[in-house]
Amino acid sequence: MTERTLAVVSAGLSQPSSTRLLADKLATATVARLADEGVTTKVVTYELRDYAQDIMNNMLTGFANPRLEEMIEAVTSADGLIAVTPIFTTSYSGLFKTFFDVIDNRSLTDQPVLIGATAGTPRHSLALDYALRPMFTYLHAVVVPTSVFAASEDWGTGDGGRVDSRVQTLPARIERAAGELSALVVRSDRSARIRDPFELPADFNPAGLFPPR
Amino acid sequence: MQFGIFTVGDLTTDPTTGHTPSEHDRIKAMLTIAQKVEEVGLDVFAAGEHHNPPFVPSSPTTMLGYIAAKTERIILSTATTLITTSDPVKIAEDFAMLQHVADGRVDLTLGRGNTGPVYPWFGQDIRQGIPLALENYALLRRLWREDFVDWEGQFRTPLQGFQSTPRPLDGVAPFVWHGSIRSPEIAEQAAYYGDGFFSNHIFWPASHTAKMVKYYRNRFEHYGHGTAAQAIVGLGGQVFMSKNSQDAKRKFRPYFDNAPVYGNGPSMEDFTEQTPLTVGSPQEVIDRTLGFRDYVGDYQRQLWLMDHAGLPLKTVLEQLDILGEEVVPVLRKEFAKNRPADVPEGPTHEALVIAAGAATTADATASAVRDDLDTAAAIAPHRRATGAAFGLAGATKTGA
Chain E
1 MTERTLAVVS AGLSQPSSTR LLADKLATAT VARLADEGVT TKVVTYELRD YAQDIMNNML
61 TGFANPRLEE MIEAVTSADG LIAVTPIFTT SYSGLFKTFF DVIDNRSLTD QPVLIGATAG
121 TPRHSLALDY ALRPMFTYLH AVVVPTSVFA ASEDWGTGDG GRVDSRVQTL PARIERAAGE
181 LSALVVRSDR SARIRDPFEL PADFNPAGLF PPR
Chain X
1001 MQFGIFTVGD LTTDPTTGHT PSEHDRIKAM LTIAQKVEEV GLDVFAAGEH HNPPFVPSSP
1061 TTMLGYIAAK TERIILSTAT TLITTSDPVK IAEDFAMLQH VADGRVDLTL GRGNTGPVYP
1121 WFGQDIRQGI PLALENYALL RRLWREDFVD WEGQFRTPLQ GFQSTPRPLD GVAPFVWHGS
1181 IRSPEIAEQA AYYGDGFFSN HIFWPASHTA KMVKYYRNRF EHYGHGTAAQ AIVGLGGQVF
1241 MSKNSQDAKR KFRPYFDNAP VYGNGPSMED FTEQTPLTVG SPQEVIDRTL GFRDYVGDYQ
1301 RQLWLMDHAG LPLKTVLEQL DILGEEVVPV LRKEFAKNRP ADVPEGPTHE ALVIAAGAAT
1361 TADATASAVR DDLDTAAAIA PHRRATGAAF GLAGATKTGA
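Protein chains in written order, with this note's numbering: chain E, 1 to 213; chain X, 1001 to 1400.
These are computed hints drawn from the structure, not numbers from a lab.
A portion of the hints provided could be inaccurate.
[To be verified] In the SDA-like style, the derived pairs of lysine to any residue whose C-alpha atoms are separated by at most 25 angstroms in a straight line are:
#	chain 1	residue 1	chain 2	residue 2
1	E	Lys97	X	Arg1182
2	X	Lys1214	E	Glu69
3	X	Lys1211	E	Phe204
4	X	Lys1211	E	Leu200
5	X	Lys1211	E	Lys97
6	X	Lys1214	E	Asp203
7	X	Lys1211	E	Ala207
8	X	Lys1333	X	Glu1350
9	X	Lys1211	E	Tyr130
Turn these sequences into a full structure, and let the hints steer you where they fit.
In structure tokens:
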């Protein structure tokens, strides 16, 4: 049976948090879609709060301690990433951004990513598209078209039996996003890749490139 | 094995007194420290190069020239010389001059520098850091090894028939270390030329240093300079000592907690566990330092960072006394144990001169050995007969 790994990063602060709840729902839906394709998925979930001190120490010293290093390795080598943050003051939380600031900015290249966010009001929903999506684009990740925003009121809406398909409720948005992510995860060979941290560029010449000797 | 200290030359307020030394005081303190290095029986003093406050040493060879006159034995080195933003022609001239002034007691460690604005201040682009380091060094080598150089590169004015002056002492270029924390390109460059690789070591976990050094060693062998175990490795280190461990921790903690590099971050205990920093008794420093060999192999040079974070001169001199009296003599003895005979000693001018002589003899009998590529490998035989240099030069050729 085919196997894939899925990393989930949640920047929720409270316990339990709606951010984690959304992250789990996105993961469960994605795993189900992958199962339909005959794929067994290993899910690794991280609450950034558990790593808050480590992340800030990395920011200040320039290196990840062994605990954080292991977590970063698991996240960046996964076949897909679900990244969910609360929206604070119109953007991702500082902890969420700091985590993506300390990882190597080449380490998410080509990684399929599903972004999600939570907030107290639906008026923050565009933060996904003006803050999270550009950040992952900068990192050369492949962000799926559907991002999932859950305001407090979304947790009290059903899918209405999908009678009225013009209104995409939270469960429907989750399903669509999971479908988009799973389609990319199925094709990923990321977790099977052997990554060589000492790999040099193909045209590397220790004597310099110009003039050719 | 060579032991010494390296200084970044930071002008930092002493957090325990609030006193900030003047630039003049700091510079004079560095000169005093360098002389103390010789007095307590260490082997190397290395100065950094910076072009922005709060760092004072912008002109290393001026400083090292003074120290050369005041000392007789120690090797004068750098940590690091900026190969990216300094003109390689000027580096060639400055260090050849220093070689003559110091009767050969000179080598240098090349680095790219970690201060973004320095690049544009000197007309360069930080995104070209690696290509600058590669090309500038390629030119630097030729300027020291060829009497007349025709040169055209990507980054500086072309040269036609240029001769850098003075010529290196005894016709032998200063030994070069390449310093890098995280760039495999620089480890590759050091291996390609058979030069030394200096791992700063002090701000990053040992596991990282181990991987970088292993990579360099393997590539050194790949390029035919000798076995991986014969590659020339230098390490940084950082210690603070008192007779007993608790006093050391108590005295150093305010400096640690306020240090520009790691202050307000991890606790001193965490940082000690995760990096080579050792705060404790001389015996603890001895044990920790001997442990470095377990993950980098037998190596050639150990430098410590001593005068930083606002530590007063008096304290630094006391630390050097402890190093010289209690730590380094034991390390010399212990590091010599079980050290394979074919692992080179730390590089010296005398060894390079002998090796160059042997290579010339080899040249006369065999066809051209790539003498641009065998500086480090040639050091190995210094500890034994010159005949061994002959053998190693031959090995270089077959391996290349």
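Hint-by-hint comparison with the structure:
Annotation: proposed proximity of Lys97 of chain E to Arg1182 of chain X holds, straight-line Cα distance about 23 angstroms (limit 25 angstroms). For the hint linking Lys1214 of chain X to Glu69 of chain E, the alpha-carbon distance of about 20 angstroms falls within 25 angstroms, and the restraint holds. Distance check on the hinted pair: Lys1211 of chain X and Phe204 of chain E sit about 20 angstroms apart at the alpha-carbon level, within 25 angstroms; holds. At most 25 angstroms may separate the alpha-carbon atoms for a hinted pair to count; Lys1211 of chain X and Leu200 of chain E meet this at roughly 15 angstroms.
At roughly 29 angstroms between alpha-carbon atoms, Lys1211 of chain X and Lys97 of chain E are farther apart than 25 angstroms, so this suggested pair is violated. Distance check on the hinted pair: Lys1214 of chain X and Asp203 of chain E sit about 23 angstroms apart at the alpha-carbon level, within 25 angstroms; holds. A distance of roughly 23 angstroms separates the Cα atoms of Lys1211 of chain X and Ala207 of chain E; the hinted pair therefore holds under the 25 angstroms criterion. About 23 angstroms separates the Cα atoms of Lys1333 of chain X and Glu1350 of chain X, which keeps this hinted pair within 25 angstroms; it holds.
For the hint pairing Lys1211 of chain X with Tyr130 of chain E, the CA-to-CA distance comes to about 39 angstroms; that exceeds 25 angstroms, so the pair is violated.
Violated hints, listed in ascending order, are 5, 9; each of the other numbered hints is respected by the structure.
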